[in-house]
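Participant: Chain by chain, the residues:
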Amino acid sequence: MSAETSLRDHRRKILDRTSVFGMALCTALTVFVLLVILGYVIYRGASYISWGFLTSLPTPVGEGGGGIANALVGSLLVVAVASMMAIPIGVGAAIYLSEFQSGWLGRSVRFLADVLIGVPSIVVGLFAYALVVQPMKDFSAFSGSVAYAFIMIPIILITTQEALRLVPTSLREAALALGTPRWRMILSIVLPTARRALLTGLLLAVARALGEAAPMLFTAFGNPFWNTNLAKPMATVPLVIYRYAVAPYDDWHNQAWAAAFVLILVVLVVNVLTRLAFRSRVDD
Amino acid sequence: MIEVKLEEPWWQNLRARPRPKALRVIRGEKELGLVPQEEVRLSVERLSAYYGQARAVNNVSLAIRARMSTAIIGPSGCGKSTLLRSLNRMHEVVRGARVEGKVLLDGKDLYAPSMDAVKVRRRIGMVFQRANPFPSRSIFENVAVGPRLDGMRDRKALEQSVERSLRMAALWDEVKDQLHQPATRLSGGQQQRLCIARAIAIEPEVLLMDEPCSALDPISTARIEALIEELKKTYTILIVTHNLQQAARASDFTAFMYLGELVEFDTTVRIFERPTQKMTEDYITGRYG
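Protein chains in written order, with this note's numbering: chain A, 1 to 284; chain B, 1 to 289.
The set of hints was computed from the structure by calculation and includes no laboratory data. Hints may be right or wrong, so weigh each one.
[Unchecked claim] Chain A side only, calculated, beta carbon under 7 Å to chain B, not exhaustive:
| hint | residue |
| --- | --- |
| 1 | P135 |
| 2 | L176 |
| 3 | L178 |
| 4 | T193 |
These numbers were taken from a predicted model, which means no experiment stands behind them. C-beta: ideal position from N, C-alpha, C; glycine also.
Just chain A, same shape as in the assembly (with noise of 0.2 Å):
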């Protein structure tokens, strides 16, 4: 009796081992691809980063030098243009969503987000063909702002909606009971209160869109030449990356490298600025 119940002890011990055992190697292996990843971008990448590359236009095969000055405000620029019609609408709609249709409305529109999230970026991208570059009969850097608007929404609206439900009741019935107009409860109080939550949101759906490269295939579609109108063809970090990549001379290979880290690095900057405004909202 006794001897089976310390087998049984026994095994219970081994068996709670083995399991943390098993759950802390996946952890492991977690960080060490994400490490890999990082460090194997940046070791292939960093050594071919200079001023030149990021204020120069692309050069062709085989002339060296050569850089991503067109691709890096091309980037900024369709990204710019994606939050412009992105962030009003996003924010509109989860204000909306959040202060005046809390029922199934709410839930519903709630719920369609969380997919439209989950929707393979490539997909939104053909959608934004159909939509923009069809009619327009070319490929435009405008058309790869409406992709990107598509991706960002979702994103905005869900941390949005986030954000405002930060803010406690107490407040607004506090700017209720002083006989503020719902309103302008919502835009003196509501909002400057969510402030820094707001930010964070919107700042992690711009380090998104400035990492797609699929839907950018068939709307901004690259640009070799140095380019600002947003009816053309415009080319974006993604995209040089994608089609360096995959073109087979060792050269663009190095350029491809250089400019995903330059990305990874951008990213970074959004992440940590994001970061920094979420630990003093913490403070406050």
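Following the hints, position chain B against chain A.
Facilitator: Okay, now just chain B, sitting in the frame of chain A:
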């Protein structure tokens, strides 16, 4: 030998207070006393308040006298806060909440279709249980919210209005050198007085206070009670409280509620000295609640 002396019950010393002369007290259908109509600022007539199907306040009638303080007491969940929130139409802010009956402010029904809830709340101010200054604003801007809503843009006028309200709330001397600091820097008691300043900055006619001291230490509580004493020279004050001593100290009239109904409403002295209802007596002597 140690002499054991039984202390008098704490409400005994209330006898020294002057008693208000007359009062219109209604319980259910019956009118128990009378005050001249012009003395009544706020008159609650057969008010019932609901959260969805649940009735939190049941058929309550009260007459609140101008420039007096009236306390509403009763055990938790008796509907006293709901009653208070019904008086400035804050009850309806909650989803599914509704009100039946009338609330007359100077004879005009606040629930009449032509009445705008936003305007009602500008005439009947409110202070909440937990101090809730706007964290995104400075001390000055917290108080200035009301005057700004009234369209006051002139800096000088705003400064005067903020100073006046902060002085009335007995906070001016403590904050006059840090008006532009965040309101969240203040202590709990100071924040609550800031909320009182913010509420009186809109120059309401009636001030509702929903357990304003329940989150405060005794010193801050005493300050706010002294403030109530001061404020009722100008405003009509209703105060919901869990603290019986506070009701006794800081009010002229007391209403006792139980399970959504008004059990007894009379001068504070009479409620605490010789209540007519057994339930009231049991409650104030601490037998339940």
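Participant: So, for every hint listed, does it hold in this structure?
Facilitator: Status of each hint after checking the structure:
1. P135: violated (44 Å)
2. L176: Cβ of L176(A) sits 6 Å from chain B, so the hint holds.
3. L178: holds (5 Å)
4. T193: Result: holds, 5 Å to nearest chain B Cβ.
This entry does not satisfy hint 1, going by the numbered hints stated previously; all others are met.
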